[in-house]
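Build out the structure end to end from the sequences listed, making use of the hints.
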Amino acid sequence: MTDETLSALALSVRVAVLATLANAFVGIPLAYVLARRRFRGRALLDLLVTLPLVLPPTVTGYYLIVLLGRRGWLGAPVYAATGWSIAFTWYAAVVAATVMALPLLVRTARAAIESVDRDLEKAAWTLGRSEWRTALEVTLPLARNGILAGLVLAFARALGEFGATLMLAGNIPGRTTTVPLAIYTAVQTGEETMALALVAILTVLSCLVLVVAGRLGARAA
Amino acid sequence: MSARLEVRLVKRLPGFTLDAQWSADGGVAALFGPSGAGKTLTLSCMAGLLRPDAGRIVVDGRVLFDAAAGVDVPPQARRVGYVFQGYALFPHRTVAENVGFGLRDRPRAERERRVAEVVTRLGLGGFERRHPSELSGGQRQRVALGRALAIDPALLLLDEPLSALDAPLRAALRNDLRAILSEWGTAAVVVTHDFSEAYRLGDRIVVYDHGRVVQSAPRAELLWQPASEAVARIMDIPNVLHGTVVKATPDRIQLRWRGQLLEAVNSPTRSYLPPPESPLAFFIRPEYVRLIRKDRGPADPGHHMNLMTGTVVADEDFGTTWTLRIRLDHPGPPAQGDYDLQVEVPHLVYEILEIDRDRHWEFSIHRGSIHVLPA
Chain R
1 MTDETLSALA
11 LSVRVAVLAT
21 LANAFVGIPL
31 AYVLARRRFR
41 GRALLDLLVT
51 LPLVLPPTVT
61 GYYLIVLLGR
71 RGWLGAPVYA
81 ATGWSIAFTW
91 YAAVVAATVM
101 ALPLLVRTAR
111 AAIESVDRDL
121 EKAAWTLGRS
131 EWRTALEVTL
141 PLARNGILAG
151 LVLAFARALG
161 EFGATLMLAG
171 NIPGRTTTVP
181 LAIYTAVQTG
191 EETMALALVA
201 ILTVLSCLVL
211 VVAGRLGARA
221 A
Chain D
1 MSARLEVRLV
11 KRLPGFTLDA
21 QWSADGGVAA
31 LFGPSGAGKT
41 LTLSCMAGLL
51 RPDAGRIVVD
61 GRVLFDAAAG
71 VDVPPQARRV
81 GYVFQGYALF
91 PHRTVAENVG
101 FGLRDRPRAE
111 RERRVAEVVT
121 RLGLGGFERR
131 HPSELSGGQR
141 QRVALGRALA
151 IDPALLLLDE
161 PLSALDAPLR
171 AALRNDLRAI
181 LSEWGTAAVV
191 VTHDFSEAYR
201 LGDRIVVYDH
211 GRVVQSAPRA
221 ELLWQPASEA
231 VARIMDIPNV
241 LHGTVVKATP
251 DRIQLRWRGQ
261 LLEAVNSPTR
271 SYLPPPESPL
281 AFFIRPEYVR
291 LIRKDRGPAD
301 PGHHMNLMTG
311 TVVADEDFGT
321 TWTLRIRLDH
331 PGPPAQGDYD
341 LQVEVPHLVY
351 EILEIDRDRH
361 WEFSIHRGSI
371 HVLPA
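Protein chains in written order, with this note's numbering: chain R, 1 to 221; chain D, 1 to 375.
These are computed hints drawn from the structure, not numbers from a lab. From a predicted model like this one, the values you see are computed outputs, not experimental measurements. Check before you lean on any hint, since a few could be wrong.
To give an idea of the interface, some chain D residues facing chain R are shown, with a C-beta separation under 7 Å as derived from the structure [said to hold, decoys possible]: (1) Gln76; (2) Tyr82; (3) Phe84; (4) Phe101; (5) Gly102; (6) Pro279.
Where a beta carbon is used, it is the ideal one built from N, C-alpha and C, also for glycine.
Structure follows, in structure tokens:
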């Protein structure tokens, strides 16, 4: 394997792992709140989180540029203050993968949390547990398999992310070129063997992920 | 008021309003009524799981909720044990962990001692390490009871505690539950839609209908003196009938019904005195109607009161008793569809009198067995 192939693989795994971690920190609380709390703006939050699932990835990427790019709402002040921008760095690939994977985790985890019998939570409250401790000791452990299945799906989505990553992180060999981008480049430049090898690797990984997620899902049901 | 339990609640929900008030002196209060009457809603409010719009809840002098004074103790601090319908045991925790769940703040040694004590007292010894899925229905019920009792609650709430069980088990566990409740002596509120369950478990029965309390009374009083026709119907009492008052005195009420002049005992505690010619609801317990044996000579009006004659138009075998539907000889439409009275006789009586063959009977009802229902 060439250095470029290896670096694309290493970057993809690093991006997918970090994006999955970010998903766990943001997505699980989000899923809990959407499943259990009633508040103003809940429908809007739900819509925002779910949107990347149905929008073309390039559109999501475009919004990310508008938000985080050098002239973006958040990106401009950061660039003005530090001279640094997240655009076209590998961090941008993590952000793009996180946003694209979030709806998969949130939807799966939310369904799992909603399926936990509310009487169990009420029982915990009457036995002295705060809502926060009840979530940690009762709700989330009982929704565990659904949440894990959601994380596995999020990992797979992050590993295969193409469109939004290309928009925000670009396709800089050795720096922001993940496996899906490397496959695109290889096909464009006629490097059939490399394309085939990377395609095979992604296919096998995705199959594995589906099997694992399926088993977790079956245990959750 | 020195009652141990005072409940006054108003809760408005879309399409339903709970407006209930009752009190009880310790022991077990059974909330009884059809489903959807607001019984479980009352429990939720008492446990602090649902906030009433108005009212006051006091347990042993401790105010748990008082809308006017702005008091609303959170469920975590109420010390109210709740046994949920279906028990709501934590499936990922063992029996011992379930029972000890509410004791987290206590020192470890004390917690273990308390769990061991509760497990032993409820006959769950040897099951400590099992998970709820590995228990029978009756054992689950006891774990749920143990979990609620372990925190030494000021009040125990039980929502349809027997409805998750099969019928044969239900009868046996009803007695177990009664024994456990009286042994622990904790004031308790039991919700049920089954009158025999309410009667067996409750010292006091609070009858709910459409979000209101229609009667609250010691169980024996309720059985013999339902406060109104509505209560009698909720209790599913047979033979609730409508007559006309002839004369009412504090001891007796004379009434006209289906061409008969009936005499009933007036309730000694409430001596209801409706004016003559006013409509009056009453009920006759089917097991208190006496068929007059034909082989012992004619009925004696001095001994047999409220004499009538009629024909058995239908009968049903309930194993130990027969239920007969009798249509009076008096012309005109029968009081209850195609019959006037439902009568219950033991199997032995049915066989001796050969009721399957002989359908026309004279019968009498003692005045004490005709119960007047105030309007």
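Enumerated hints in conflict with the structure, sorted upward: Failing hint: just 6.
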